[in-house]
Amino acid sequence: MKKYLPYLVLGNLFGYVLIKSEVASWYRIQEMFHFQNFHMFGIIISAIITAFIGVTILKRFTGKASLEGTSICIPEKKPGRTNYPLGGFIFGIGWGIIGLCPGPIFALMGTGSISAVLLLIGSLLGTLVYGMSKERLP
Amino acid sequence: MPTLYEMLVSPWPWYVSGPIIGLMVPLLILIGNRSFGISQNLEHICAMAKPSVISIKLFNYDWRTSRWSIVFAVGVMLGGLLAGVIFANPEPIQLSQATLDMLAQRNIAAPSQFNPPEIFTLNFQNSILLLTSGLLIGFGTRYAAGCTSGHAITGISTLQIQSVYAVIGIFAGGLIAANYITPIVGV
Numbered sequence: 001m002k003k004y005l006p007y008l009v010l011g012n013l014f015g016y017v018l019i020k021s022e023v024a025s026w027y028r029i030q031e032m033f034h035f036q037n038f039h040m041f042g043i044i045i046s047a048i049i050t051a052f053i054g055v056t057i058l059k060r061f062t063g064k065a066s067l068e069g070t071s072i073c074i075p076e077k078k079p080g081r082t083n084y085p086l087g088g089f090i091f092g093i094g095w096g097i098i099g100l101c102p103g104p105i106f107a108l109m110g111t112g113s114i115s116a117v118l119l120l121i122g123s124l125l126g127t128l129v130y131g132m133s134k135e136r137l138p
Numbered sequence: 001m002p003t004l005y006e007m008l009v010s011p012w013p014w015y016v017s018g019p020i021i022g023l024m025v026p027l028l029i030l031i032g033n034r035s036f037g038i039s040q041n042l043e044h045i046c047a048m049a050k051p052s053v054i055s056i057k058l059f060n061y062d063w064r065t066s067r068w069s070i071v072f073a074v075g076v077m078l079g080g081l082l083a084g085v086i087f088a089n090p091e092p093i094q095l096s097q098a099t100l101d102m103l104a105q106r107n108i109a110a111p112s113q114f115n116p117p118e119i120f121t122l123n124f125q126n127s128i129l130l131l132t133s134g135l136l137i138g139f140g141t142r143y144a145a146g147c148t149s150g151h152a153i154t155g156i157s158t159l160q161i162q163s164v165y166a167v168i169g170i171f172a173g174g175l176i177a178a179n180y181i182t183p184i185v186g187v
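Quick note, the sequences are listed as chains A and B, same order.
Take the first sequence: its letters are residues 1 to 138, numbered as in my numbering.
Take the second sequence: its letters are residues 1 to 187, numbered as in my numbering.
Check before you lean on any hint, since a few could be wrong.
[Unchecked claim] If you anchor each label on the Cβ, the simulated ranges turn out as follows:
id: 1; chain 1: A; residue 1: Leu5; chain 2: B; residue 2: Glu6; range: 22 to 30 angstroms
id: 2; chain 1: A; residue 1: Leu137; chain 2: B; residue 2: Lys50; range: 31 to 39 angstroms
id: 3; chain 1: A; residue 1: Arg81; chain 2: B; residue 2: Ala49; range: 29 to 37 angstroms
[As the list claims (entries may be wrong)] Here are the computed lysine to aspartate or glutamate pairs in the EDC-like style, where the Cα-Cα straight-line distance is at most 20 angstroms:
id: 4; chain 1: A; residue 1: Lys3; chain 2: B; residue 2: Asp62
id: 5; chain 1: B; residue 1: Lys50; chain 2: B; residue 2: Asp62
id: 6; chain 1: B; residue 1: Lys50; chain 2: A; residue 2: Glu135
Simulated from the structure, these hints should not be mistaken for laboratory data.
For every residue, glycine included, the Cβ atom is placed at its ideal position computed from N, Cα and C.
Turn these sequences into a full structure, and let the hints steer you where they fit.
Next comes the structure, spelled out in structure tokens:
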């Protein structure tokens with residue numbers, strides 16, 4: 001079990017930030033999609049820059065062992081053209097309406113929100129529908 | 001200087017929050033060569049439950065190999081409990097004036113809670129709205145193989161073109177929904 005402790009700690013920090021930065025608030029997401037405040041854009045842009053710097057440093061250690069022993073390599077997405085923008089678009093509609101993406105759904109569930117639990121149930125149903133229709137999608 | 005308690009309670013500015021979120025990507029690689037992303041858990045939860053009535057290929061894998069990801073999500077919930085309940089910010093969210101004006105026009109009150117009671121109070125209409133939005137979020141993120149964390153943060157910072165496509169789709173959907181759909185559904 002000790003092996004999983006770092007993930008619990010990191011997840012905890014991530015959840016804390018999602019609430020304290022108000023990313024898990026519908027109000028902030030509406031503000032973002034109407035370009036009325038820099039706050040959300042600042043978060044996303046500075047997160048990307050920080051991750052980029054971190055990953056650039058890590059690239060020097062490609063093939064070396066991670067703390068768990070598996071060798072370090074930068075994750076790559078599967079090839080594809082239609083599924084990425086189309087799936088993203090469908091997700092974006094849901095996000096724009098209800099103002100929570102998956103990370104914030106979990107964080108909000110932690111605050112005891114039953115509405116967030118309903119959102120999770122909905123998204124599990126969506127995952128189920130995807131699983132059933134996967135072969136027939138473009 | 002604010003005290004530690006004040007720092008834990010008050011909202012965090014973007015230049016503190018963003019870099020912490022960004023650090024998740026290299027730290028998860030460093031710890032165990034893991035790819036930062038939340039929505040993969042939706043698949044893991046389905047695989048755990050493994051609906052036996054219908055056989056779905058997508059969920060036929062050993063979710064135990066992704067235990068780290070479930071533990072991470074449990075951590076996110078604990079973080080929510082700490083930040084939203086134990087160290088909750090008593091002040092309302094400080095929105096821009098433009099947003100406050102827009103909300104007033106749509107008959108939505110200025111924030112008094114973290115999320116608007118107009119949509120998050122559980123009644124029949126809101127429950128349908130929450131379930132439907134969830135459905136779109138679940139289907140979309142799995143079809144796109146990632147959400148904001150996996151694509152906008154991880155994918156873009158590791159220079160993957162697929163994530164650029166996904167993020168364009170996400171923002172297009174979000175813009176349309178926030179500008180044209182939310183006013184129709186009454187929020």
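Structure-based check of all given hints:
1. Leu5(A) / Glu6(B): 22 to 30 angstroms: With a Cβ separation near 28 angstroms, Leu5(A) and Glu6(B) satisfy 22 to 30 angstroms, so the hint holds.
2. Leu137(A) / Lys50(B): 31 to 39 angstroms: The hint (31 to 39 angstroms, Cβ to Cβ) is violated, given that Leu137(A) and Lys50(B) are roughly 22 angstroms apart.
3. Arg81(A) / Ala49(B): 29 to 37 angstroms: Roughly 31 angstroms apart at Cβ, these two residues keep to the hinted range, so it holds.
4. Lys3(A) / Asp62(B): Given pair Lys3(A), Asp62(B) holds - Cα atoms ~18 angstroms apart, limit 20 angstroms.
5. Lys50(B) / Asp62(B): holds (10 angstroms)
6. Lys50(B) / Glu135(A): OK: Lys50(B) and Glu135(A) at ~19 angstroms, within 20 angstroms.
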